[in-house]
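Undergrad: Below are the chains, spelled out letter by letter.
Number of protein chains: 2
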Amino acid sequence: MKPQMRVSQIFPASYRGDVTGAETPGHKLLLRAGYIRQVAAGLFHLGPLAMRVLHKIEAIVREEMNASGALEVNLSLLQPGDLWRQSGRLERYKHDGIIFGGKDRKGSDLYFAPTAEEVVTAWAAADLRSHKQMPLTLWQMDWKMRDELRPRMGLMRGRLFRMKDAYSFDADEEGMRRSYQVQREAYARIFTRMGFRFISVQADSGAIGGKGSAEFMALTNVGEDTLLNCDHCDYGANVEKAESIFAGFEYSNESKPLRKIPTPNVRTIEELETFLGISSRQMVKTLIYVADQVPVAVCCRGDLTVNEVKLKNVLGAGVLEIATEAVVTAATGAPVGFAGPLGLKSSLRLIFDTSVKDMRSFLCGANETDQHFLDVHFGRDLPAPVGFHDVHTARAGDRCVQCNEGTLSESRGIEVGHVFMLQQGYAEKMGVAFQGADTKPRAPWMGCYGIGTTRCLHAMAEQQCDEKGLIWPEAIAPYQYAIIPAAYKEGSVAKIAADALFERMSQRGDEVVLDDRDGSFGSKIADAELFGFPKIIVVGRKAGEGIIELVNRMTGERSEVSIDSV
Amino acid sequence: MKPQMRVSQIFPASYRGDVTGAETPGHKLLLRAGYIRQVAAGLFHLGPLAMRVLHKIEAIVREEMNASGALEVNLSLLQPGDLWRQSGRLERYKHDGIIFGGKDRKGSDLYFAPTAEEVVTAWAAADLRSHKQMPLTLWQMDWKMRDELRPRMGLMRGRLFRMKDAYSFDADEEGMRRSYQVQREAYARIFTRMGFRFISVQADSGAIGGKGSAEFMALTNVGEDTLLNCDHCDYGANVEKAESIFAGFEYSNESKPLRKIPTPNVRTIEELETFLGISSRQMVKTLIYVADQVPVAVCCRGDLTVNEVKLKNVLGAGVLEIATEAVVTAATGAPVGFAGPLGLKSSLRLIFDTSVKDMRSFLCGANETDQHFLDVHFGRDLPAPVGFHDVHTARAGDRCVQCNEGTLSESRGIEVGHVFMLQQGYAEKMGVAFQGADTKPRAPWMGCYGIGTTRCLHAMAEQQCDEKGLIWPEAIAPYQYAIIPAAYKEGSVAKIAADALFERMSQRGDEVVLDDRDGSFGSKIADAELFGFPKIIVVGRKAGEGIIELVNRMTGERSEVSIDSV
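Chains as they are written, first to last, in this note's numbering: chain A, 1 to 566; chain B, 1 to 566.
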């Protein structure tokens, strides 16, 4: 990269004022500072400053991937439909609408890579022959296309985005776990080097499949995901998957008799607390869902919330919805608000959350209009459940399951990286068979690993910005220094000193920008702050005495220093 | 890039024997050495060795483009159909079949970039406002897709290929010429640095439009283009466009009377030479073409060939074809073989080639069956032509038009770069208007500049290879050294010495490959030669004495040197 630039040459020029169509601070700033330009929904041009940031981000990724022992390749950006039919994913991706492609002139369907499991596994089917070739991790950095229904937030959820994707092949499960761990550690180094505040969390692995996955989340105020992380250990998880130790409750040891009490029009947990004066932790909440068209009842402690992602996984359901009023009435015999595990039709499947396990003398709906049961005991009033499942949502303030000491706190994050253990599914479907040490053919164990590099650029813009503009960490800043002469008039002391400094720093190889425009000093400072260069050098009144002012964009610190010390 | 590699880890492994579906030596070697793998016609994966070569090629391009003052950007790979309708090129590209795309989920048409004039000009329409922003050259390096009818020769004419494309914007024509010259000089440096034997030639600018263009041609035996270049000066041109000074002829000063002579069934120049015993240089050859459905007659000296590309340009024709027998008969009144400028219907347009200008006492067809005219004189037997056009094909042995001293010789080449002056056509069509110094709006003058980087990789494979394998120049070699131990058995002197050397060179940052496989020495040498590493270090019998053999892949030179001197 050429290390120097004059601001008059930067294309496109920055602009003042608000921008339309951008929802988040980072998105607005990237537009105003000319880093990106929208071509169509979710499609962008990248300007020269964005390219410099992207090159630095990708150079860090490349170094760490190569250092991890992975081999850089490039997989065809256009993928034959036949490979997607082989893996069985074409219909699903087409149904979701995110796969984009067309027919070529010979009538074959080609798709713009939304991901590359199919093509890389097909390559392995052709060229991976022996256990001696493994462990093997292939990686590439290139565009992906996902035709999002609602592209938004600039490069965050664009339709075209750059991604580093890697795929590991191992002879056995243990090898897969080792390769996964190597990549996971490389990812931590990568995001640390880029300058991110990030956490690594357990994640629901969604559409990719496979078991065991972690997300790397950049912490921002505008993240699409809600995260819980421990203030004591390194535990962190997407709220969709987070586990926790919830606050307990001292249930009475007294064995009062079961009573059915009238609760006229009192339906919600809050209404019951007020009406009866007892804690929600003494109540069992019973919700009716419909999982793949079959009603199911879910019980959890009254103060907790059912986590539908967890519930869906427990049920192995494709579609899970909360039941309509009519379904609730048909299933429980009572309107919404009066369901409970006691006296429910035995045909209805009943899921108990782990929070219910130790409850005694609790309140629950009586499956009759305006009636609840009080002082219910498992084993006395109804059979003790045969199993419990974690189907409630963990929350800030809960204790950490990993260290049992820390407290979870909530933050929002943007997923910048994701690592998965894919197991053998793809390899088996695509017919990859290598010869083991015992000469028998078998399918390799795979992992896949992604980092969104254009997304990293945008995530950093969201994570580090203020009302004045972007604030790049040095590791990925487009230029390290901006020189702002107080005036840039021919013959002025400031111009002469600024030109000389620019020349000297350029010679030395510093990444430096000179604001050579003949605008106001204020507008130049404003642009330097908008662009987000880490260090601003003001060449002002004292330039004649060899003194300049150095401003740290991140901390706002200002100091007068000798021009020779820069 | 990680500088070291063990051959056992290279994926995919090389293979022996012939490959199917590859026509050229370079294509076969790239497949055998695992540099490329075909996914579908014209679509390839690139292996780790190819990626290293490609990175080096692209790094040279990046350095020179940045040094030229151009700004690196990235233009959306998917382009809205509306921009192509605005430029008026969509129908043409669709008709040619090379544009590939589809409908997105909202029903809009998106095309995978076959080139980027439309999107970059539309960007300029939005962000280029003042003459102060120019000269401006934007460049990018990314994939392009052209759905070729007959993809062939691997990366040479693949459907997906990587290209550096640049676009210059200037306030006036002089500026455009300067920007063009800057890029042209950068191109010469780029191909020189890559290590190409190449020439720069004038070219027909084809479908891109605009006036003034040059091609950079890598010289190979398998090139798609035929070139003529001077052995004395730097003149070179594609044969489609080459000019030359053809050998003259002493026409008699005697003014013999015009005669019509019988030439029974004697039609071709060769037959006439034999039949009459006169030189073809004394004959005017007259060919009938159909240009956009209108017949036209073309006269050139008998020993020369009509150049249809030149003729098409002179006529400004869209479609040019040689006339059918029926059209010839209708147009000249005689069958094929007896046309001539004398006595031709006056309604038929007549084009005279420059070669006819000084001819006297010549022979030509009489537009009657089995009849020719002899001793024809312009100004006496028929009116002297009002103008002459260069519509013949220059050929090896002709004198150079540029230096008037050298002789042209013929070679074959692969186009690796192309520079064009686009003028104002795109800017006007896409509505780009900048404010001139006089505050009036006007359209910028543009240029466009392309280098096929994956094509460079393949072109070098064709230019530098032998029956043993690829031969990379150091500047773009994937690794500089291959260490081949004569044996790689635990405890052997060769293994110990090879490991130590590999370790030392790796530490020092050398790009070095160690063949750590336990195959035969011969097969390892064969692989190193196939892969094309510039220097092979054989660690053999004398390793114990600290002596190794250094083999230069390009020259074949072998020398014994001290292990410490490497």
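I should point out that these hints are in silico values taken from the structure, not numbers from a laboratory.
Keep in mind that a hint or two might mislead.
Identical chains blur together in the list; that is why a pair holds if it fits in one copy or across any two.
25 Å max Cα-Cα, derived DSS-like pairs, lysine-lysine [what the hints assert, rightly or not]: (1) Lys-495 - Lys-132; (2) Lys-260 - Lys-489; (3) Lys-495 - Lys-429; (4) Lys-241 - Lys-103; (5) Lys-106 - Lys-241; (6) Lys-103 - Lys-144; (7) Lys-94 - Lys-468; (8) Lys-132 - Lys-489; (9) Lys-28 - Lys-144; (10) Lys-312 - Lys-440.
This one's a predicted model, so the numbers in the text were calculated from it and none came from an experiment.
Undergrad: What label fits Lys-312 with Lys-440 when the C-alpha limit is 25 Å: within, between, both, or neither?
TA: neither (38 Å within a copy, 65 Å between copies)
Undergrad: My question is about Lys-28 and Lys-144: at a cut-off of 25 Å on alpha-carbon distance, are they close within one copy, between copies, both, or neither?
TA: Answer is within; shortest intra-copy Cα gap is 24 Å, inter-copy 30 Å.
Undergrad: Indicate which option fits the pair Lys-260, Lys-489 if close means a Cα-Cα distance not exceeding 25 Å: within, between, both or neither.
TA: neither (90 Å within a copy, 84 Å between copies)
Undergrad: Which holds for Lys-495 with Lys-132 at a C-alpha limit of 25 Å: within a copy, between copies, both or neither?
TA: between (65 Å within a copy, 19 Å between copies)
Undergrad: Up to 25 Å between alpha-carbons, please classify Lys-241 paired with Lys-103: within, between, both or neither.
TA: neither (40 Å within a copy, 36 Å between copies)
Undergrad: From the Cα coordinates, with 25 Å as the cut-off, is the pair Lys-495 and Lys-429 best called within, between, both, or neither?
TA: neither (67 Å within a copy, 41 Å between copies)
Undergrad: Under a CA distance limit of 25 Å, which applies to Lys-132 and Lys-489: within one copy, between copies, both, or neither?
TA: Answer is between; shortest inter-copy Cα gap is 17 Å, intra-copy 69 Å.
Undergrad: Up to 25 Å between alpha-carbons, please classify Lys-94 paired with Lys-468: within, between, both or neither.
TA: neither (43 Å within a copy, 47 Å between copies)
Undergrad: With 25 Å as the alpha-carbon cut-off, assign the pair Lys-106 and Lys-241 to within, between, both or neither.
TA: The answer is neither: 46 Å in one copy and 33 Å across copies each exceed 25 Å.
Undergrad: Have a look at Lys-103 and Lys-144 and pick one of within, between, both or neither, based on CA distance no larger than 25 Å.
TA: Result: close both inside a copy and across copies, 18 Å intra and 17 Å inter.
Hint compliance for this structure: hints 2, 3, 4, 5, 7 and 10 are broken, all remaining hints hold.
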